[in-house]
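**Student:** Each chain, letter by letter, is given below.
Protein chains: 2
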Amino acid sequence: MAIEKKLIGVDLGGTTVKFAILTETGEIQQKWSIETNVLDEGSHIVPDIIDSINHHIQLFDMTADQFSGIGMGSPGTVDRANGTVIGAYNLNWKTLQNVQSEIEAGTQITFAIDNDANVAALGERWKGAGEDDDEVAFITLGTGVGGGIIANGKLVHGVAGAGGEIGHITVEPNGYMCTCGKRGCLEQYASATGVVRVARDMAEEFAGQSKLKEMLDDGQEITSKLVFDLAKDNDALGKMVVDRVSYYLGLACGNLGNMLNPAYIVIGGGVSAAGTFLLDQVTKYFKQFSFPTVRSSTSLKLAQLGNEAGVIGAASLARQFIK
Amino acid sequence: MAIEKKLIGVDLGGTTVKFAILTETGEIQQKWSIETNVLDEGSHIVPDIIDSINHHIQLFDMTADQFSGIGMGSPGTVDRANGTVIGAYNLNWKTLQNVQSEIEAGTQITFAIDNDANVAALGERWKGAGEDDDEVAFITLGTGVGGGIIANGKLVHGVAGAGGEIGHITVEPNGYMCTCGKRGCLEQYASATGVVRVARDMAEEFAGQSKLKEMLDDGQEITSKLVFDLAKDNDALGKMVVDRVSYYLGLACGNLGNMLNPAYIVIGGGVSAAGTFLLDQVTKYFKQFSFPTVRSSTSLKLAQLGNEAGVIGAASLARQFIK
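Going down the list, the sequences are from chains P and S.
Using this note's numbering, the first residue of the first sequence is number 1075, and each one after it goes up by one.
Using this note's numbering, the first residue of the second sequence is number 1075, and each one after it goes up by one.
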């Protein structure tokens, strides 16, 4: 009887590297994490990953040939064909990193890589809110806004890997300047810092009674979580800010739907912790901005896997190696 | 020696049905067309198509087994799996039409169907401006605005067939009411009637010297072609209208690019007869609204196949039957 092989998923981030061992059907059997050592131009990261994988394989009394493959999600610009990464600034990776060749040599396990937002999209699609559907879009609202699009069961990378750059959909043609150099990107309104920025700007023109307004005027530090919490508590300015943020998200989701008509648009990331309070308002605008067929066949959902989306999606990259 | 088989492409429209016989590599060898008889709830259409195919096969001294398959593009709501069409109002097809089963029974040739905009996209992708790339988006500017999206080499239909509804991207949240029931759809600004509508509205607030303004004030019939021709002749209002239309097209193309990063966004249809005069202005706004990677890797191009995109793309649907 053949023993079922396992998959390894690696979620590489600027502060931690998360690992998991999964069955080929996507059940997590073991997970652990290490700190990301970004010193010396990030030169310790890949060796640390190799050591940690080898150590845990030994710890669990396993061998390399019991694994079908390793998949990894990485920040920066990922070259999937060559297994390299460049320009991951939160890792101090400024020069080209030969991630695949080093990890394959160091672990003797076949390896695949994609960018972190795409990998999270694959995770939510496979084992989360995407219900393993062939048509799923994923938006993650965190420090930035990222995304991944799955159509006909495959990630859409586009011709230069910029497919799924949902954070850079233009939602306000003459809007805020984005770090990418153009104006009005969704990221400037719906990321954690974007929400705060919208709050500050709306506060300037707001005249009524509002705790949020008082805190801003008082120079207190505010967070997107605070904005949502106050809005839930009926704060007048807070509600206006959430409405504005939801409007932009709904417009972006509407146009995503009009182009791709996915079964699910899954919203994850820190800002989505606001839960159904956010989802319901985004859905209202999504319906306003979507074509009737899309309105009735594309659903907005909250992500379900939280932090585990990364390792699960990364592991799913290695499913291609299952024999 | 095996004789190379042929493909048949059928482009079903409200006034004519176009046919072509192609090699399996997409070279047109024969083409012809018949009038679309929409009388009696369009009940003559499918029999007429069958008769015309059989007649021409005989005429060219061929037999059914010399064809790999027939592909067809149709207006209305197409069910690809079942080979049916419903709600094609320009054909008077209000009830479900069993197109595939009838044509297969009538011709003894395997048959596949998709909607007309998707089929035109496949045509431009295969033998036109799309250069047979795996990542191509197609926008057709005609009476309406349609489109088709090819990602990873396959059409994106989405969960309910509304993938590629590029005409219903919201480009002006509080804009013109569309026939689809929502506001600000691209179709309301960039279709042939949309361009005229923009001209009429901008004329109301225009005070300078303009032949277009004079013609509108005089109650003369104007067309989108006239608007573009006058703009090319330096008409002040005409130039403003083309700029506005290009802005909306550039915004839609930018967001298409930001989501999908295709190699080419191909613009076809009657309005695109304005040629590079239109393309250059749309490209200017596309660059303004696209993420840097997209700006440098996604190109806007004019369609190259004209009326033949439909039959070529339709024939390409039958490539799946090549043995």
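Please note: incorrect hints may appear among the correct ones.
Treat identical chains as interchangeable: a pair holds within one or across any two.
Stated by the list, open to error - Think about it this way: if two alpha-carbon atoms lie no more than 27 Å apart in a straight line, the pair counts; the simulated DSS-like pairs of lysine-lysine are: (1) Lys1228 / Lys1375; (2) Lys1313 / Lys1228; (3) Lys1313 / Lys1079; (4) Lys1361 / Lys1105; (5) Lys1375 / Lys1168; (6) Lys1092 / Lys1358; (7) Lys1397 / Lys1313; (8) Lys1397 / Lys1228; (9) Lys1361 / Lys1306; (10) Lys1375 / Lys1397; (11) Lys1375 / Lys1285; (12) Lys1092 / Lys1285; (13) Lys1358 / Lys1079; (14) Lys1285 / Lys1079; (15) Lys1361 / Lys1285.
Since the hints were derived computationally from the structure, they do not count as laboratory data.
Here the structure is a predicted model, which is why all the values come from computation and not from measurement.
**Student:** Taking the earlier hints as the rules, which of them does this structure contradict?
**Tutor:** 2, 3, 4, 5, 6, 7, 10, 11, 12, 13, 14 and 15
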